[in-house]
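Peer 1: Chains as they are written, first to last, in numbering that gives the first Met the number 0: chain A, 0 to 705; chain B, 0 to 176.
Since the hints were made in silico from the structure, they are not lab data.
Certain hints may be false.
Which residues of chain B face chain A? A few of them, derived with a C-beta cut under 10 Å, are [what the hints assert, rightly or not]: (1) P23; (2) L30; (3) S103; (4) D106; (5) G113; (6) K114; (7) P115; (8) Y120; (9) L133.
Derived pair list, reagent style DSS-like, types lysine-lysine, alpha-carbon separation capped at 25 Å [stated by the list, open to error]: (10) B:K114 to A:K422; (11) A:K493 to A:K597; (12) B:K37 to A:K410; (13) A:K578 to A:K268; (14) A:K117 to A:K410; (15) A:K578 to A:K493; (16) A:K628 to B:K170; (17) A:K493 to A:K635; (18) A:K493 to A:K87.
Backbone N, C-alpha and C fix where the C-beta goes; we use that ideal spot for every residue, glycine too.
Residue strings, one per chain:
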Amino acid sequence: MSSPATSAGAAHQASAPRGVSFAGYGWRIARALYAQLDLLATALLTLIVLYLYRRFPLPTDVATFYPLDESWVFDTFAKARQGIWLGKDVLLTYGPLFQLCFVPVFWLNDLSLGEHYKLWHFVPIWTTILLVYGSARFLLPQVEPWKRALYILLLVIFWAQFEIKSCAALFVFTAFLWAQERAPAGNRRMPLYALLSALLMTAAFLLSADTGFYAVAAFFLTGICYGGYRLPRRQARLRSAIFLALVPAVFFVCMLSVNAIFGRIWDFKYWVGCYKIVSGYRWFAPLGMDPETTRMLAIGVVICLSIFLWTWIVCRRSSQEPSLSPRVLSVALFSLLVLQSCIVRSTWRTVTVGLFVVIALAMAFLFGPLSRKPTGATTGVPVLLALALTVVFAASPYEAFSPAAILQAWKSSAAPPMCPQDKLPLDQACLALEDFLPLNAASTFLREHAPASESVMIFPYENVYGDIARRRVAGGVLQSYLIADPFLLDQQLKGLERDHPGWGIYSADYLGSGPMDGVPNFTRTPEVWLYQQSHFHRVANLELGILGLQRDEDRIRRWNMETAQWPLAPVRQRVQAGKDIQLAQLHSWPQQDVDFLKLRIEVHSPPWWRVLKPASMTFSLQRADGTSKIVHAIAKPDHPHEIWIYPWSEYQLMNYFFENPSDWRKRGVHPPITSISVRFDRQDWLSVLPSEVELQGVDAVRVSLR
Amino acid sequence: MNHSEASSGVSRQTDSWKSKALLPMVAYSLLGTLLFLKLPSLFRFPFHVHANSGAVVSPRVAAVPGQPLGGGIYAPRPANRLIAQAGTHVRVDGWLDIHDSKLSVRDVIVLLDGKPLAKAYIYPVPVDRSSGTLHCEWSVEPLFAGIAPGDHHLQAAVFLADGSGIQFDDKSITVLD
Numbered sequence: 000m001s002s003p004a005t006s007a008g009a010a011h012q013a014s015a016p017r018g019v020s021f022a023g024y025g026w027r028i029a030r031a032l033y034a035q036l037d038l039l040a041t042a043l044l045t046l047i048v049l050y051l052y053r054r055f056p057l058p059t060d061v062a063t064f065y066p067l068d069e070s071w072v073f074d075t076f077a078k079a080r081q082g083i084w085l086g087k088d089v090l091l092t093y094g095p096l097f098q099l100c101f102v103p104v105f106w107l108n109d110l111s112l113g114e115h116y117k118l119w120h121f122v123p124i125w126t127t128i129l130l131v132y133g134s135a136r137f138l139l140p141q142v143e144p145w146k147r148a149l150y151i152l153l154l155v156i157f158w159a160q161f162e163i164k165s166c167a168a169l170f171v172f173t174a175f176l177w178a179q180e181r182a183p184a185g186n187r188r189m190p191l192y193a194l195l196s197a198l199l200m201t202a203a204f205l206l207s208a209d210t211g212f213y214a215v216a217a218f219f220l221t222g223i224c225y226g227g228y229r230l231p232r233r234q235a236r237l238r239s240a241i242f243l244a245l246v247p248a249v250f251f252v253c254m255l256s257v258n259a260i261f262g263r264i265w266d267f268k269y270w271v272g273c274y275k276i277v278s279g280y281r282w283f284a285p286l287g288m289d290p291e292t293t294r295m296l297a298i299g300v301v302i303c304l305s306i307f308l309w310t311w312i313v314c315r316r317s318s319q320e321p322s323l324s325p326r327v328l329s330v331a332l333f334s335l336l337v338l339q340s341c342i343v344r345s346t347w348r349t350v351t352v353g354l355f356v357v358i359a360l361a362m363a364f365l366f367g368p369l370s371r372k373p374t375g376a377t378t379g380v381p382v383l384l385a386l387a388l389t390v391v392f393a394a395s396p397y398e399a400f401s402p403a404a405i406l407q408a409w410k411s412s413a414a415p416p417m418c419p420q421d422k423l424p425l426d427q428a429c430l431a432l433e434d435f436l437p438l439n440a441a442s443t444f445l446r447e448h449a450p451a452s453e454s455v456m457i458f459p460y461e462n463v464y465g466d467i468a469r470r471r472v473a474g475g476v477l478q479s480y481l482i483a484d485p486f487l488l489d490q491q492l493k494g495l496e497r498d499h500p501g502w503g504i505y506s507a508d509y510l511g512s513g514p515m516d517g518v519p520n521f522t523r524t525p526e527v528w529l530y531q532q533s534h535f536h537r538v539a540n541l542e543l544g545i546l547g548l549q550r551d552e553d554r555i556r557r558w559n560m561e562t563a564q565w566p567l568a569p570v571r572q573r574v575q576a577g578k579d580i581q582l583a584q585l586h587s588w589p590q591q592d593v594d595f596l597k598l599r600i601e602v603h604s605p606p607w608w609r610v611l612k613p614a615s616m617t618f619s620l621q622r623a624d625g626t627s628k629i630v631h632a633i634a635k636p637d638h639p640h641e642i643w644i645y646p647w648s649e650y651q652l653m654n655y656f657f658e659n660p661s662d663w664r665k666r667g668v669h670p671p672i673t674s675i676s677v678r679f680d681r682q683d684w685l686s687v688l689p690s691e692v693e694l695q696g697v698d699a700v701r702v703s704l705r
Numbered sequence: 000m001n002h003s004e005a006s007s008g009v010s011r012q013t014d015s016w017k018s019k020a021l022l023p024m025v026a027y028s029l030l031g032t033l034l035f036l037k038l039p040s041l042f043r044f045p046f047h048v049h050a051n052s053g054a055v056v057s058p059r060v061a062a063v064p065g066q067p068l069g070g071g072i073y074a075p076r077p078a079n080r081l082i083a084q085a086g087t088h089v090r091v092d093g094w095l096d097i098h099d100s101k102l103s104v105r106d107v108i109v110l111l112d113g114k115p116l117a118k119a120y121i122y123p124v125p126v127d128r129s130s131g132t133l134h135c136e137w138s139v140e141p142l143f144a145g146i147a148p149g150d151h152h153l154q155a156a157v158f159l160a161d162g163s164g165i166q167f168d169d170k171s172i173t174v175l176d
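Turn these sequences into a full structure, and let the hints guide you.
Peer 2: Next comes the structure, spelled out in structure tokens:
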């Protein structure tokens with residue numbers, strides 16, 4: 000098999016002018032360079048990013064501080080430096096390979112907040128460039144180098160989202176396509192291809208759970224599509240079937256090897272965690288799609304599917320490229336699968352991340368088969384179409400590759416920059432006052448109290464406090480909001496017991512923290528809140544809504560939780576969009592000893608919620624004084640679920656961290672709850688409204704010290 | 000004759016080479032031009048919006064050009080004023096309508112007599128989107144500690160990503176001892 004570069008080079012050699020003596024040697028060099036034009040383009044992009052990386056100013060000016068995102072990213076890097084590996088020691092959507100992608104973390108003397116921004120800004124761009132280059136080599140092996148180089152440049156400069164997960168999914172899928180078009184041809188090579196495929200799937204899982212599942216789906220999709228195409232040929236059919244069976248077997252061996260590296264060969268904790276997180280995302284983190292994102296998604300999908308269809312028609316009319324039919328089918332099916340990423344958490348960014356994979360595959364058809372098939376004047380039309388689509392939809396280049404930005408970096412002074420006047424410096428980052436105050440107060444508290452060898456517990460998700468203080472953040476799951484399953488809860492609590500944090504930070508909703516997607520953090524992960532409340536007491540008010548906590552062994556021994564079940568008849572009611580459904584009347588039940596309500600419910604939904612997303616659920620608690628409390632909540636459809644609600648103002652939860660239990664309820668009034676109702680709203684056109692909601696019981700919960 | 004045939008062969012090869020080079024030259028020229036242009040995107044954001052806005056704690060951006068933003072603080076009618084008790088938290092609710100696609104809202108801040116008191120939590124409310132307006136509700140429970148009893152001004156202001164702030168409501172609040 001000739002390499003793409005050689006064949007393209009040879010083609011060009013034939014068309015180059017000959018007999019020009021002075022150019023003989025030069026032409027050979029030019030041909031060699033031309034054959035590697037895509038590699039040169041990749042190297043150029045990489046060097047531009049390296050240059051900008053080196054010129055990136057520290058302290059860096061932080062335009063907007065996102066406590067949730069900065070926390071998991073910074074903590075992932077910090078854990079890598081501390082020798083704590085995702086998957087082995089702590090669970091997250093990402094795995095240890097993701098940490099290894101940020102390898103400069105290990106070269107730094109000290110990982111500061113500013114350095115974290117620098118790495119987070121540039122490493123995903125490098126990774127994207129390399130993965131797009133790899134995908135181009137797999138997708139367009141036969142095309143001229145200039146087209147492959149243009150494909151890479153357009154994708155990276157104008158279309159890419161610099162999201163490692165999605166680019167890795169694209170790379171793995173294209174590798175499987177390439178392997179399917181070659182692997183089963185010869186029996187000798189099949190074991191090698193099977194091993195490489197299994198290693199690729201393992202690497203995908205070690206990068207992130209989503210990528211792993213996309214890799215598995217990509218393997219079977221390509222296998223089935225190409226296998227189906229080979230059905231008429233017995234020999235080829237048999238080889239495809241063997242290949243399809245061999246790869247999962249080798250993959251299982253890879254899984255055992257990973258288990259062995261992580262500790263115990265038969266401990267599948269990492270793989271179960273991956274499954275639990277990926278399968279739970281649909282119901283614990285759904286987010287609606289706004290109209291403009293919907294418009295963008297619709298336009299993108301229609302254009303890309305049209306290109307797939309066009310390719311399909313062209314390949315059906317031509318007998319020259321027999322492998323194109325299963326390729327079009329695989330690409331179309333994989334694109335539909337990848338669009339799942341757009342459906343669940345439908346922010347603009349998430350949708351464009353998913354759509355990027357589809358666009359990359361569609362553009363590959365424009366640069367590959369479609370621009371080769373027609374002859375004569377129409378040959379260039381698909382390539383020009385790709386450029387036209389870039390002008391219309393992607394518009395200006397990504398900032399890092401804009402000549403103006405590069406020139407500005409060139410001209411910028413080498414002297415260390417100062418923070419702007421309205422920003423304050425903290426850990427090599429320039430922060431707005433409202434971001435600076437909580438970060439400075441909480442990190443200073445931890446640095447001054449927790450010894451460097453000790454870990455700290457942070458609730459709900461601001462791990463960045465611990466990272467700025469250079470302290471280890473305790474727990475078995477990196478972010479509490481991911482805990483939507485008993486397995487993950489168990490991992491988190493075991494991690495907290497293992498790490499034995501001596502100090503902690505509690506951030507109250509609406510004051511020191513924000514509820515994720517409107518669901519109060521107590522309602523989202525009550526068990527973790529109760530763990531912190533039962534193990535720590537308040538020692539300092541650090542900022543509005545942020546408490547400094549200390550571990551209290553006496554409190555742990557004395558802590559007690561009582562649950563009283565109110566004798567309410569189970570209720571099962573039909574659901575109508577936006578209509579309040581009365582679930583319980585609580586007039587007659589004594590509530591002076593109630594701290595929390597625990598609603599045992601089951602939401603019955605049509606089965607298609609598993610490919611779309613559930614509607615939002617909002618509880619309304621009517622109080623005796625005429626006021627009410629609205630609580631957004633989450634529950635896995637078709638499963639019994641406990642929803643914990645603090646019936647009064649969320650900030651009063653801070654009082655439960657007082658050392659003396661008599662202070663837990665003294666501030667604020669607690670009017671009794673008279674009734675509970677619930678309503679369901681579609682977040683967007685992809686939300687699935689439940690058919691029925693069932694209240695199985697209401698428990699009154701009280702915490703105390705014995 | 001032979002010479003003429005050979006030269007015409009070279010000429011044909013050169014023509015072929017030129018015709019093959021035409022498309023790459025056009026494509027790369029267009030790419031080069033695009034790099035220097037700052038074209039507006041068809042959509043609200045460029046496709047490759049970078050940043051860490053994947054997980055949303057509170058909505059920060061909204062849409063549709065041509066009109067300003069609007070909003071207010073909810074207060075009981077007919078008094079149209081709020082009441083707080085010194086030393087306790089008071090819940091303040093309000094709304095924000097954003098019409099301008101170019102506005103990138105960073106925060107809603109509640110101020111007491113012109114001094115920042117607390118940052119509000121903003122959440123979107125499902126409404127008829129055909130109007131093109133993003134309707135948000137916001138809520139905050141500031142602590143009224145160290146504030147002299149009597150009448151004060153409670154203002155709500157929105158801060159945009161570019162650092163500018165716009166005050167959009169001003170209500171009286173009576174702080175009880």
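Peer 1: If a hint holds in the structure, say so; if it does not, say that too.
Peer 2: Here's how the hints hold up against the structure:
1. Among the interface hints, the one on P23 (chain B) holds; its C-beta lies about 4 Å from the nearest C-beta in chain A, closer than the 10 Å criterion.
2. About 6 Å separates the beta-carbon of L30 (chain B) from the nearest beta-carbon of chain A, less than 10 Å, and the hint is met.
3. The interface hint given for S103 (chain B) is met, as the beta carbon of that residue sits about 9 Å from the closest beta carbon of chain A, less than 10 Å.
4. This hint holds: D106 (chain B) has a C-beta 7 Å from the nearest C-beta of chain A, less than the 10 Å allowed.
5. The beta carbon of G113 (chain B) is not positioned within 10 Å of any beta carbon in chain A (closest approach about 16 Å), and the interface hint is therefore violated.
6. Annotation: K114 (chain B) was flagged as interfacial toward chain A, and the flag is violated, the nearest CB pair being 13 Å apart, outside 10 Å.
7. The closest approach between the C-beta of P115 (chain B) and any C-beta of chain A is roughly 8 Å, which is under the 10 Å cut-off, so the hint is satisfied.
8. Residue-level restraint check for Y120 (chain B) holds (minimum Cβ-Cβ distance to chain A is 5 Å; threshold 10 Å).
9. Against a cut-off of 10 Å between C-beta atoms, the interface hint on L133 (chain B) holds, since the closest Cβ of chain A lies about 8 Å away.
10. At most 25 Å may separate the alpha-carbon atoms for a hinted pair to count; K114 (chain B) and K422 (chain A) meet this at roughly 18 Å.
11. With a CA separation close to 24 Å, the supplied pair K493 (chain A) and K597 (chain A) stays within the 25 Å bound.
12. A C-alpha spacing of about 20 Å is found between K37 (chain B) and K410 (chain A), which places the hinted pair at or below 25 Å, so the restraint holds.
13. As the CA atoms of K578 (chain A) and K268 (chain A) are separated by approximately 42 Å, the hinted pair breaks the 25 Å bound.
14. The hinted pair formed by K117 (chain A) and K410 (chain A) meets the criterion: a straight-line CA distance of about 19 Å does not exceed 25 Å.
15. Taking the CA atoms of K578 (chain A) and K493 (chain A), the gap is about 41 Å. The hint is violated against a cut of 25 Å.
16. Our distance criterion of 25 Å between C-alpha atoms is met by K628 (chain A) and K170 (chain B), whose separation comes to about 23 Å.
17. Among the hinted pairs, K493 (chain A) with K635 (chain A) is consistent with the structure: their alpha-carbon atoms are about 23 Å apart, no more than 25 Å.
18. Between K493 (chain A) and K87 (chain A) the CA atoms are separated by roughly 13 Å; this keeps the pair inside 25 Å, and the hint holds.
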